[in-house]
Amino acid sequence: MIRFGVVGAKRATLFAEIEKHCSEQIKLCALHDINSEALKQWKKLRPDLSLFEDYSALISSGACDAIFIASPIEYHAAQSIQALGAGLHVLCEIPAITTLQEASELRQAARSARGIFALAENYCFIEENLIIKQLCDSGTFGEISLVEGSYIHDCKDLMFSEKGDLTWRGVTNAQFQGDRYPTHAFGPIGMWLSLGLDDKLVHLTSFATKDLALKKYAQQRFPDRFDDTFHFARGDSVHTVLQTEAGVLINLRLDTKSNRPSAKNFHSIQGTNGFYSSGRFDSESHVIWLVGDDGPPTKLHEHPVLASLPDLIPTNRKNVPINLRAHCLLLDEFISAVNLSGRPSFGVDAAIQWSAITPLSEAS
433 MIRFGVVGAK RATLFAEIEK HCSEQIKLCA LHDINSEALK QWKKLRPDLS LFEDYSALIS
493 SGACDAIFIA SPIEYHAAQS IQALGAGLHV LCEIPAITTL QEASELRQAA RSARGIFALA
553 ENYCFIEENL IIKQLCDSGT FGEISLVEGS YIHDCKDLMF SEKGDLTWRG VTNAQFQGDR
613 YPTHAFGPIG MWLSLGLDDK LVHLTSFATK DLALKKYAQQ RFPDRFDDTF HFARGDSVHT
673 VLQTEAGVLI NLRLDTKSNR PSAKNFHSIQ GTNGFYSSGR FDSESHVIWL VGDDGPPTKL
733 HEHPVLASLP DLIPTNRKNV PINLRAHCLL LDEFISAVNL SGRPSFGVDA AIQWSAITPL
793 SEAS
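When you line the sequence shown up against my numbering, it's residues 433 to 796, in that order.
Take the hints with a grain of salt, since some may be wrong.
[Unchecked claim] No more than 30 Å apart at the CA atoms, straight line, and that leaves these computed lysine-lysine pairs for BS3-like:
id: 1; residue 1: Lys696; residue 2: Lys442
id: 2; residue 1: Lys442; residue 2: Lys476
id: 3; residue 1: Lys452; residue 2: Lys475
id: 4; residue 1: Lys588; residue 2: Lys647
id: 5; residue 1: Lys642; residue 2: Lys565
id: 6; residue 1: Lys595; residue 2: Lys648
id: 7; residue 1: Lys647; residue 2: Lys632
id: 8; residue 1: Lys459; residue 2: Lys442
id: 9; residue 1: Lys731; residue 2: Lys442
id: 10; residue 1: Lys565; residue 2: Lys750
id: 11; residue 1: Lys632; residue 2: Lys595
id: 12; residue 1: Lys565; residue 2: Lys731
id: 13; residue 1: Lys442; residue 2: Lys452
id: 14; residue 1: Lys588; residue 2: Lys442
id: 15; residue 1: Lys595; residue 2: Lys696
id: 16; residue 1: Lys565; residue 2: Lys452
id: 17; residue 1: Lys647; residue 2: Lys696
id: 18; residue 1: Lys588; residue 2: Lys632
It should be emphasised that the hints constitute simulated quantities derived from the structure, not laboratory data.
Given the sequences, and given the hints that come with them, work out the whole structure.
Right, here's the structure in full:
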């Protein structure tokens, strides 16, 4: 049984739901948040939890074996380093770092720590992304030339308080350029291409559109707070182009502001033997087409190539709700690494390589 402390009261709600499906493996024991009112609500909901307004007090309390860090992204690296230094295991939300200096410090901390560090990129554990990993490993697509990934999710409303103050998401958009949330789009790609093992990134350039949609939203909803002189540093849509040493081209898009249906898990692969594309919006089907297929692309789950694949979802996870299943699979993998003193699939090296897109895209 691994005792978890969660950093971030909102994210603890999701963790408590996951706990119900992993109750033999984990226990939510402690919670840290700087918002005392949020902690009061949790005291009513879960009087069994140890609650902390001070992060250092949580780390030194002895109340937990592992920390799940789900604070605003600018705190991820420092809080991970502090927890690792205290001998705790760390499961860190995305991205793991926001500067190259943090990357160096986190790598050093993780490599010298007794505890295990892993990146909580649940998109790598979505069933379709696991299937595509198997197909890439088996060479089904042939030599891969192009991969695309997008995280498109209109969440303008989450960037402001009811009074019009900028939340941490709003501050991020107001002050920082570049792709500040790269790993939902890039994580599965890094997994498919075995980046860090068989290949590595060598080039990156990033561009952004104008800040139109969010600025208009702010002016219409809070006309007394935002006028034409206010500008958000990040444009509505950030596009980053990367190339690997083997010559694979990768296109990423981050867009959390444009007025359109969500495409939170859009990916496509082009290889010499065929292609794969997930839905262009959340309700559209995943499709695949391979050399030798007759007619148009086939829905991924209906293509005969899947018949040769092993069942990727363990029996004890098949009845877990879809919105929680990837989180449970991620935790299963983390728990296994902790219990066996093993190496997580997405440890500090993957975390840094994937998260470094943030500072590098800003510099570009």
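Within 30 Å, alpha carbon to alpha carbon, are Lys442 and Lys476?
-> Given that 30 Å is the threshold and the Cα spacing comes to 15 Å, the pair holds.
Going straight from one Cα to the other, do Lys588 and Lys647 come out at no more than 30 Å?
-> Judged against 30 Å, a Cα distance of about 10 Å means the pair holds.
Taking 30 Å as the top limit, are the C-alpha atoms of Lys696 and Lys442 close enough?
-> 20 Å, holds
Would the pair Lys642 and Lys565 pass a check requiring their Cα atoms to be no farther apart than 30 Å?
-> Status violated; Cα separation ~35 Å.
Is the hinted pair Lys588 and Lys442 satisfied, with a Cα-Cα distance of at most 30 Å?
-> 18 Å, holds
Given hint Lys731 paired with Lys565 - CA-CA distance at most 30 Å | Roughly 17 Å between the alpha carbons, so the hint for Lys565 and Lys731 holds.
Would you check the hint for Lys647 and Lys632, treating anything up to 30 Å between C-alpha atoms as holding?
-> 37 Å, violated
Does Lys452 lie within 30 Å of Lys565 when you go C-alpha to C-alpha?
-> The hint holds at about 28 Å.
Sort out whether Lys452 lies within 30 Å of Lys442, counting only the CA atoms.
-> 17 Å, holds
Proposed proximity, Lys595 with Lys632 (alpha carbon, max 30 Å) | 45 Å, violated
Are the Cα positions of Lys452 and Lys475 separated by 30 Å at most?
-> 19 Å, holds
Would the pair Lys731 and Lys442 pass a check requiring their Cα atoms to be no farther apart than 30 Å?
-> Not satisfied, since the Cα-Cα distance of roughly 36 Å exceeds 30 Å.
Hint compliance for this structure: hints 5, 7, 9, 11 and 18 are not met, and every other hint is.
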